[in-house]
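Asker: So the chains spell out like this:
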Amino acid sequence: MTLSRKRLQDSLAHRQPDRIPIDFGGSAVTGIHVSCVAALRDYYGLEKRPVRVHEPYQMLGLVEDDLRAAMGLDVTGVFPRNTMFGFPNSEWKEWDFRGLNVLVSKDFLVREEPGGDILIYPEGDPTAPPSGRMPLGSAFFDTIIRQQPLQEDRLDPEDNCEEFKPIGDADLEHLKTSVAAARGSGYGILATFGGTAFGDIALVPAPFLKNPKGIRDVAEWYMSTASRPEYIHRIFERQCEVGLQNLARVHAAIGDSVDAVFLCGTDFGTQSSQFCSVRTLKSLWFPYYKAVNDWVHANTSWKCFKHSCGSVEKFFETFIEAGFDIMNPVQCSAAGMEPEKLKARYGDRIVFWGGGVDTQKTLPFGTPEQVRVEVLRRCEIFAPGGGFVFDAIHNIQAGTPVDNIVAMLDAVHEFNGAQVNA
Amino acid sequence: MPELQKLYDAVLNGDQKTAVAITQEALAAGVDPMELITNYMVPAMDKVGSLFECEEYFVPELLLSARAMKGSLELLRPLLAAAGAQPAGRVVIGTVKGDLHDIGKNLVASMLEGGGFEVMDLGADVPPEKFIEAVRARNANIVCLSALLTVTMPAMRTTIDALKTAGVREQVKVMVGGAPVTPQFADEIGADGYSDNASAAVGLARKLVKQG
Numbered sequence: 001m002t003l004s005r006k007r008l009q010d011s012l013a014h015r016q017p018d019r020i021p022i023d024f025g026g027s028a029v030t031g032i033h034v035s036c037v038a039a040l041r042d043y044y045g046l047e048k049r050p051v052r053v054h055e056p057y058q059m060l061g062l063v064e065d066d067l068r069a070a071m072g073l074d075v076t077g078v079f080p081r082n083t084m085f086g087f088p089n090s091e092w093k094e095w096d097f098r099g100l101n102v103l104v105s106k107d108f109l110v111r112e113e114p115g116g117d118i119l120i121y122p123e124g125d126p127t128a129p130p131s132g133r134m135p136l137g138s139a140f141f142d143t144i145i146r147q148q149p150l151q152e153d154r155l156d157p158e159d160n161c162e163e164f165k166p167i168g169d170a171d172l173e174h175l176k177t178s179v180a181a182a183r184g185s186g187y188g189i190l191a192t193f194g195g196t197a198f199g200d201i202a203l204v205p206a207p208f209l210k211n212p213k214g215i216r217d218v219a220e221w222y223m224s225t226a227s228r229p230e231y232i233h234r235i236f237e238r239q240c241e242v243g244l245q246n247l248a249r250v251h252a253a254i255g256d257s258v259d260a261v262f263l264c265g266t267d268f269g270t271q272s273s274q275f276c277s278v279r280t281l282k283s284l285w286f287p288y289y290k291a292v293n294d295w296v297h298a299n300t301s302w303k304c305f306k307h308s309c310g311s312v313e314k315f316f317e318t319f320i321e322a323g324f325d326i327m328n329p330v331q332c333s334a335a336g337m338e339p340e341k342l343k344a345r346y347g348d349r350i351v352f353w354g355g356g357v358d359t360q361k362t363l364p365f366g367t368p369e370q371v372r373v374e375v376l377r378r379c380e381i382f383a384p385g386g387g388f389v390f391d392a393i394h395n396i397q398a399g400t401p402v403d404n405i406v407a408m409l410d411a412v413h414e415f416n417g418a419q420v421n422a
Numbered sequence: 001m002p003e004l005q006k007l008y009d010a011v012l013n014g015d016q017k018t019a020v021a022i023t024q025e026a027l028a029a030g031v032d033p034m035e036l037i038t039n040y041m042v043p044a045m046d047k048v049g050s051l052f053e054c055e056e057y058f059v060p061e062l063l064l065s066a067r068a069m070k071g072s073l074e075l076l077r078p079l080l081a082a083a084g085a086q087p088a089g090r091v092v093i094g095t096v097k098g099d100l101h102d103i104g105k106n107l108v109a110s111m112l113e114g115g116g117f118e119v120m121d122l123g124a125d126v127p128p129e130k131f132i133e134a135v136r137a138r139n140a141n142i143v144c145l146s147a148l149l150t151v152t153m154p155a156m157r158t159t160i161d162a163l164k165t166a167g168v169r170e171q172v173k174v175m176v177g178g179a180p181v182t183p184q185f186a187d188e189i190g191a192d193g194y195s196d197n198a199s200a201a202v203g204l205a206r207k208l209v210k211q212g
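Heads up: the protein sequence lines correspond to chains U and A, in order.
Residue numbers for the first sequence follow our numbering, beginning at 1 and rising by one.
Residue numbers for the second sequence follow our numbering, beginning at 1 and rising by one.
Okay, chain A solo, but in the shape it has when bound:
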């Protein structure tokens, strides 16, 4: 039986190689995948988030931890699906049409995954119809929209309007973020929430899911 605390440490320290190795050993030893996630990976990513918020960690460390966490999660995901485990929420995320910037979006996606959410990442330059299609296909309850440019911010409004027209707006909460986006802009375009960083986005998503 591997020392499972090392999985926590590996995710916290952004050591993908060790995170994957411990996960493999744990699975071989018959450890429940949910135990790895709930007792080690989610707490490690929560700690990463708090270190980011108190400026001990920065974007590079966040990226490293997210990569380590994803390495383990790739091994666990098929097992979770087979066991019918319920995620904290089902998220569809993407950078809006016209915008290719994805680092912030990727971080939010990783942090949400680390927080126990099932995340479908549509990538960058995503047209509204792709969001609609994904919401329907995944029965999502959260949509996350990202934009870095002032010229592409209006595509957030277009996307939310398209969700309404398609009749799926009521089934999802919409979160927005990105450098030029503000809470006021989020209100104006009818989003349900705004976050200015990836760590806080997890807390926001949990809150929105609770609201139902």
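Chain U extracted, bound-state conformation:
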């Protein structure tokens, strides 16, 4: 086994690894904006070529093996065949992203409005209503809410289940090929298969569908978690049933070749609070999380990766009880998410995949020295005994100075070097 993969596996098993494993680009929540990937390639003097936008919703750039080596990373990602806009990444073409030449899928079809906003179409179909908008002044797409008028007496949970269907052969083949390539790279592997994110608010509006039905408005969905719990249960039940069948098919195809699986990205925290009570989390989400995680643990060696932004310390016990092995992004800047407290209370029971540096303040707006100091401190707190994968708190955002990204990486390597020499 390669050092990188062993490093990751040790850390996931709460054994002290030789160094802290590092992930950037392994998933759509541990990624890097395409403009920053381009800047990093320039910084490290890598071959000049346009960066691939592998996740167009957040405009994440693909971290290829040459950059992964230059940055000293240990994890690579396996991604589902289709992007957030419902088309596969294939037959790359060049696109001028407001002055930056990038590569996008042939089905990445956009239209620029007179004011400079960019609209994108689901499934690469320009005859469908656009499902994403990137305003002038932004660097990401946001979902266009396409909510049909709701009639309370005609609400049918099946309408919200269009996206939950048996995995297709092409998707399965894509995963097999991607996993084989990832295995060949020697890095630790974080895989995303899709289908088990119960009520992820980025997925509820279904930017990947041409004409989504059911409850697709974000505020309406949030209200429904309080006012229509039975409706939500029916959706989750169906999703769970299909999700478990798909996981079995995926596992039959790829076996235990991946180390961790990004199962759910539903956010439960705001900057200062939570989106629901512990009681609601237990009644509405917990049974489905437990069913999925129990299946994974009973049938595979995969570790279960949960993403939730915000202030979620109050939910950690429930997440652990539900069988999650890994928490991301560990938003230490949110209320009650002090790193020392998290490590002391939960460090032996859950892996912190993230928390390495603040991406709302320090990384984009701090000095390189401020970045270094914060990163070293986080490493001191989270590294002992394993259970830590270094990653920023969520994706590296557009506009982040490359010197700060490099200062962050240098600081982790500085810590790792010091640890190795100790």
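These aren't lab readings, by the way, just hints derived from the structure by calculation.
Beta carbons: idealized from backbone N, C-alpha and C, even for Gly.
Stretch by stretch, here's where chain U covers chain A in the computed footprint (C-beta under 8 Å, at least three residues): (1) 62 to 73; (2) 97 to 103; (3) 141 to 152; (4) 174 to 185.
Once you have looked at the hints, place chain A on chain U.
Answerer: Coordinates of chain A only, in the frame set by chain U:
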């Protein structure tokens, strides 16, 4: 005459249908619209705010109560305007240019309305000139700016600078909020106040209006 306490309960419980029905019945029975607002709706929204602050209520419950309150308010607003009722303050609110996120902003707008403020919601992705236009048109005394993204936070500064250049900065208090925004950032860009949640924003707005 309907039992008006049920209006309080409907807003508190986020029951829009009942809130609207009781309001209609009350108006038909000749109840003063200001009485409905002052004695039932504002206290209900204050209670919603305090339940949110003690983590009994969360964003979904806040949204439901705000919707119930707005349902009633839509019936009352024309009557209030006709009677020349004075609001607690006149607010112009929006998410700044480049940013499409509006849930937090919508909640603040609703809570302010529930707190007796007249609110003009400009929506999301709002350029500075729209804020200026609205401040002038509404003779506003509060401007609320929201941003969720680090890449759009600078547009808050641009907007405040534009208010200065247009000569309307002195007539308004500027409140800012949104996930990446901090009190320090609010100070740096010359805002008058910062709130990290919709409930506290009402208290802040009341305080700022008092300061004049």
